[in-house]
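K.L.:
Sequence:
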Amino acid sequence: ELTEAQLQDPEGFNLDSGADAVFGEKTHEDRLRMLDDNVYGPEALVLAGFRPEEAVIARTVLDSAGGGVVKVLLCTDDVLYGTVDEAIWSAEVDWAQPRPASWNAASAWGSQKAVLFSGMSVGAQATVLELLDGAGLLHICACMALEDEASRRVGDVLADAVKDQRKMSSTHASKDVFNAVQ
879 ELTEAQLQDP EGFNLDSGAD AVFGEKTHED RLRMLDDNVY GPEALVLAGF RPEEAVIART
939 VLDSAGGGVV KVLLCTDDVL YGTVDEAIWS AEVDWAQPRP ASWNAASAWG SQKAVLFSGM
999 SVGAQATVLE LLDGAGLLHI CACMALEDEA SRRVGDVLAD AVKDQRKMSS THASKDVFNA
1059 VQ
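Everything in the sequence shown is counted per the numbering used here, starting at 879 for the first residue and increasing by one.
Heads up, some of the hints might be wrong.
Said to hold, decoys possible - Have a look at the derived ranges for each label pair, beta carbon to beta carbon:
hint : residue 1 : residue 2 : range
1    : LYS904    : GLN975    : 42 to 50 angstroms
2    : PRO976    : LYS1041   : 32 to 40 angstroms
3    : ALA943    : LYS904    : 29 to 37 angstroms
4    : SER980    : ASP914    : 16 to 24 angstroms
Hints were generated in silico from the structure; no laboratory data involved. For glycine and all other residues, C-beta sits at the position ideal for the given N, C-alpha and C.
Please put together the full structure from these sequences, using the hints given.
P.N.:
Laid out in C-alpha cells, this is it:
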C-alpha cells in the first residue's frame, strides 16, 4: 500500500484523488500501466499557449535530450478547432525555415500553457515536462491523446485538462489551508 507522500507527484497533486471512479480499486502502478497501455498516435507534443520562441525552446530541449523523433507542433486556431487526430498526425514545421505566418496567431489559446502528448508513455511525458521545466517553461498542464478521443476538438480536450488540473490544484490547496489551521 502506498503512503500519501508516495501518491504526490512532483507538482504536489494527489495522484489518487478521484481516480477510483475511473480506475476502480487499482493500485497506483496498475493505473500508470493502464495509461501506458493506451498510448496512441505518433510521438508528438502539441503545444497550446506557448509563444513561437517557446516552441523553439521545446524543440531544442528535446533534440538535446535525444528526442529528435518527437514532433513539436504549435497550436494555431486551425489546430485548436481541428480534431486530435488531425493535430497529432500533422507534419512538423521545417525548423531550418523562417517561422510560418500561422504561428503569429498561435497565442489564441490563452495564457495557460498546455501540452497534448501523443505516442509517449507516462514516464516519458514526465521526463519531457521536467526537461521543459528546467528550460524555464513552467506551469504546463499536460494531457494525453487517447484513441477514443481522436475525433474530439483539440481545444475541448485541452480545456478539459486545464479544468481538471485547476480542480485538483484547488482541492489540494484547500486541504493545505485546512491542515495549516488545525
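K.L.:
Which numbered hints does this structure break?
P.N.:
Of the numbered hints given earlier, the structure breaks just one, which is hint 4.
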